[in-house]
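Enquirer: With chain A's structure known, arrange chain B on it following the hints.
Protein chains: 2
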Amino acid sequence: MPPLPQWAHARAVIREVGLRDGLQSIATVLPTDQKIEWIRAAHEAGQREIEVGSFVPARLLPQLADTAELVEYAKTLPDLFVSVLVPNLKGAERALEAQADLMLVPLSASEAHSLANLRKTPEEVVAEVARMRAARDASGAKTLIEGGIGTAFGCTLQGRVEPAQVLRCMQSLLDAGADRVSLADTVGYANPAAVRALFEAAREIAAERLWCAHFHDTRGLALANVYAALEAGLTRFDATLGGIGGCPHAPGASGNAASEDLAFMLADMDIDTGIEIERLLALRARVGQWLAGETLHGTLWRAGLPKTFRSASRSTNLYT
Amino acid sequence: MPPLPQWAHARAVIREVGLRDGLQSIATVLPTDQKIEWIRAAHEAGQREIEVGSFVPARLLPQLADTAELVEYAKTLPDLFVSVLVPNLKGAERALEAQADLMLVPLSASEAHSLANLRKTPEEVVAEVARMRAARDASGAKTLIEGGIGTAFGCTLQGRVEPAQVLRCMQSLLDAGADRVSLADTVGYANPAAVRALFEAAREIAAERLWCAHFHDTRGLALANVYAALEAGLTRFDATLGGIGGCPHAPGASGNAASEDLAFMLADMDIDTGIEIERLLALRARVGQWLAGETLHGTLWRAGLPKTFRSASRSTNLYT
Numbered sequence: 001m002p003p004l005p006q007w008a009h010a011r012a013v014i015r016e017v018g019l020r021d022g023l024q025s026i027a028t029v030l031p032t033d034q035k036i037e038w039i040r041a042a043h044e045a046g047q048r049e050i051e052v053g054s055f056v057p058a059r060l061l062p063q064l065a066d067t068a069e070l071v072e073y074a075k076t077l078p079d080l081f082v083s084v085l086v087p088n089l090k091g092a093e094r095a096l097e098a099q100a101d102l103m104l105v106p107l108s109a110s111e112a113h114s115l116a117n118l119r120k121t122p123e124e125v126v127a128e129v130a131r132m133r134a135a136r137d138a139s140g141a142k143t144l145i146e147g148g149i150g151t152a153f154g155c156t157l158q159g160r161v162e163p164a165q166v167l168r169c170m171q172s173l174l175d176a177g178a179d180r181v182s183l184a185d186t187v188g189y190a191n192p193a194a195v196r197a198l199f200e201a202a203r204e205i206a207a208e209r210l211w212c213a214h215f216h217d218t219r220g221l222a223l224a225n226v227y228a229a230l231e232a233g234l235t236r237f238d239a240t241l242g243g244i245g246g247c248p249h250a251p252g253a254s255g256n257a258a259s260e261d262l263a264f265m266l267a268d269m270d271i272d273t274g275i276e277i278e279r280l281l282a283l284r285a286r287v288g289q290w291l292a293g294e295t296l297h298g299t300l301w302r303a304g305l306p307k308t309f310r311s312a313s314r315s316t317n318l319y320t
Numbered sequence: 001m002p003p004l005p006q007w008a009h010a011r012a013v014i015r016e017v018g019l020r021d022g023l024q025s026i027a028t029v030l031p032t033d034q035k036i037e038w039i040r041a042a043h044e045a046g047q048r049e050i051e052v053g054s055f056v057p058a059r060l061l062p063q064l065a066d067t068a069e070l071v072e073y074a075k076t077l078p079d080l081f082v083s084v085l086v087p088n089l090k091g092a093e094r095a096l097e098a099q100a101d102l103m104l105v106p107l108s109a110s111e112a113h114s115l116a117n118l119r120k121t122p123e124e125v126v127a128e129v130a131r132m133r134a135a136r137d138a139s140g141a142k143t144l145i146e147g148g149i150g151t152a153f154g155c156t157l158q159g160r161v162e163p164a165q166v167l168r169c170m171q172s173l174l175d176a177g178a179d180r181v182s183l184a185d186t187v188g189y190a191n192p193a194a195v196r197a198l199f200e201a202a203r204e205i206a207a208e209r210l211w212c213a214h215f216h217d218t219r220g221l222a223l224a225n226v227y228a229a230l231e232a233g234l235t236r237f238d239a240t241l242g243g244i245g246g247c248p249h250a251p252g253a254s255g256n257a258a259s260e261d262l263a264f265m266l267a268d269m270d271i272d273t274g275i276e277i278e279r280l281l282a283l284r285a286r287v288g289q290w291l292a293g294e295t296l297h298g299t300l301w302r303a304g305l306p307k308t309f310r311s312a313s314r315s316t317n318l319y320t
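Protein chains in written order, with the numbering used here: chain A, 1 to 320; chain B, 1 to 320.
Heads up, some of the hints might be wrong.
[Claimed, not checked] Taking lysine to aspartate or glutamate pairs in the DMTMM-like style, the calculated list, with each CA pair at most 20 Å apart, reads: (1) B:K142 - B:E111; (2) B:K307 - A:E111; (3) B:K75 - B:E111; (4) A:K142 - A:D175; (5) A:K307 - B:D33; (6) B:K90 - B:D101; (7) B:K307 - A:E162; (8) A:K307 - B:E111.
[As the list claims (entries may be wrong)] So the derived label-pair ranges between C-beta atoms look like this: (9) A:D270 - B:A112: 44 to 50 Å; (10) B:G159 - A:R302: 39 to 45 Å; (11) B:A285 - A:D175: 45 to 51 Å; (12) A:K90 - B:R286: 26 to 32 Å; (13) B:R168 - A:G304: 51 to 57 Å; (14) A:E44 - B:A285: 41 to 47 Å; (15) B:E208 - A:E44: 50 to 56 Å; (16) A:L115 - B:V29: 52 to 58 Å; (17) A:A285 - B:R168: 38 to 44 Å; (18) A:E44 - B:A27: 38 to 44 Å; (19) A:E44 - B:E204: 40 to 46 Å; (20) A:G304 - B:E204: 48 to 54 Å; (21) A:E97 - B:G304: 40 to 46 Å; (22) A:R302 - B:R310: 31 to 37 Å.
Bear in mind the hints are in silico, worked out from the structure with no lab data behind them. For every residue, glycine included, the Cβ atom is placed at its ideal position computed from N, Cα and C.
Extracted from the complex, chain A is given alone in its bound form:
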């Protein structure tokens, strides 16, 4: 057999973003108690990074109005790294106050998407990140700032997004004081070749500050894209339990990479995520009941684990 690739036997992190990217896209408003139960059970299943919500005005996203309470709860769980999304300085101040471990600031590399979704140009988002960095440093909080570059592989509004533009945004975010940067295929336009090329180029710029890859499964390529990103050296991937979420510009399409399917793919390739897949599948079933009427995605829940799959118990918790 040929030598194993460099990433074999490595560790990887699945960042659960179902409570944010998932719940913000669906009609059901999940009660805080159930969200807390979700976070608790996800932690028990071995998940150690969770984006629990978003500090946006409650009138815009009533589904996420309880984010401060969720951060407070999540921070009580041992070794859980708690992220939130913040769209602006006001949100960042709430994240700092809540002592979130990380705040993700979305920036759209597509001008059209940026104006439509964030009502700001990419340059204005970069300027806001500089203000967040100043606020963070002044506060003494340890909250990391992640610049998340969306529509990195194309945009349903403007179409093509040039890789050079994505990389310019990345450099600007780093220059403005972002501690981490990420790339997101917001609308499900990425393919494995594009993923590998863009993430390799991004790594040249950001090195170890290149933090996370975020894929949607709109055209069935989320897991192929994760594999391509792994090859480019990424070891952290956003995903949502049951693949919930989606994009308002792609009606009927699948949502995010499904956490349980991704956990299986990685574990089956001997990449340790610390996740006990059976527990994650049990949690998926419960969340599915809470979200009755909403469409869940993914394949593993139906097909089951292969006979050849070594039980998750072999996975030592990667944080302890």
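Expert: Just chain B now, kept in the frame of chain A:
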């Protein structure tokens, strides 16, 4: 940007196996007229390799009883490479008589699966391939013999299948006179790391006689596995329109890689398949009507082509 990988801008072939691997797995018996229309429209959409059926006794697979007629029709289409599956010498004789371009002989690397499915050990299949080769050479026919090694990534009956056993089967098939060899993940157990490792090892043995990769989407990894096989140098992939097919040992699971999704992924990576995806989607809709009540799979039919996708018209037909 980093240099493009070696396979960029290459060509690849999607071998349509829906008429065989797809139809043999479902209850509906498609009339010969509709199969002929399927073959005609697939050819019109740019498909140039089609497995039209299987020369097995009609009492075993009544769905495929018209294979000889389909070969005869398919051979009339310009530049269409016509394959059939043959389980034994008797089937091979029919394939030679029909002047199929290629006959695929299935061999299960798993002893348990081999005995359950083929009622032969792998060694007995190899011996049968030697007899087929003798018959082919004696007949003067140009029909190529492909040894298709199934359960190459594991088996629902016996569990693990050792890569060394798969490679031994491959060497034996070549020694017995197979012109081509292929690897199939019959039950949807493969992951991209395993695919890359096994296909790279297979390439060391078979070089350009390593012909095709066959993946099922049972756990959502068919396209990720195709990408990994591409990296290992493969340029020919089995797929079924609408992802029809499946495995009797994985009830409810998805079937094969969906031809239209695979055609999109490859085209979007600038790998030319000669297929006009819009036509393939139109054909999928018709076949879906013919197979009313059966489950079709795939994502592209629902999500549509991305705005950034360059029209299929750029794809020059790769055979003319």
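Enquirer: Given the range 41 to 47 Å, decide if the beta-carbon distance of A:E44 to B:A285 lies inside it.
Expert: 45 Å, holds
Enquirer: Does A:K307 pair with B:E111 here, judged by a C-alpha cut-off of 20 Å?
Expert: 16 Å, holds
Enquirer: Take the C-beta atom of A:D270 and the C-beta atom of B:A112, compute their distance, and say whether it sits inside 44 to 50 Å.
Expert: At roughly 25 Å between Cβ atoms, B:A112 and A:D270 fall outside 44 to 50 Å, so the hint is violated.
Enquirer: Under the criterion that the straight-line Cα-Cα distance not exceed 20 Å, is the pair B:K307, A:E111 satisfied?
Expert: 16 Å, holds
Enquirer: Take a look at whether the Cβ-Cβ distance between A:E97 and B:G304 falls inside 40 to 46 Å.
Expert: 43 Å, holds
Enquirer: Straight-line Cα separation of A:K142 and A:D175 no greater than 20 Å?
Expert: 19 Å, holds
Enquirer: Given a hinted range of 38 to 44 Å, is it respected by the beta-carbon distance of A:A285 and B:R168?
Expert: Check passed, 42 Å falls within 38 to 44 Å.
Enquirer: May I ask you to test the hint 48 to 54 Å on the CB atoms belonging to A:G304 and B:E204?
Expert: This hint is violated: roughly 34 Å between Cβ atoms.
Enquirer: With a cut-off of 20 Å on the C-alpha distance, tell me whether B:K75 and B:E111 pass.
Expert: Status violated; Cα separation ~36 Å.
Enquirer: With a cut-off of 20 Å on the C-alpha distance, tell me whether B:K307 and A:E162 pass.
Expert: 14 Å, holds
Enquirer: For B:K142 and B:E111, compute the direct alpha-carbon distance and say whether it is at most 20 Å.
Expert: 31 Å, violated
Enquirer: Can you let me know if the beta-carbon spacing of B:E208 and A:E44 is within 50 to 56 Å?
Expert: 51 Å, holds
Hint compliance for this structure: hints 1, 3, 5, 9, 10, 12, 13 and 20 are not met, and every other hint is.
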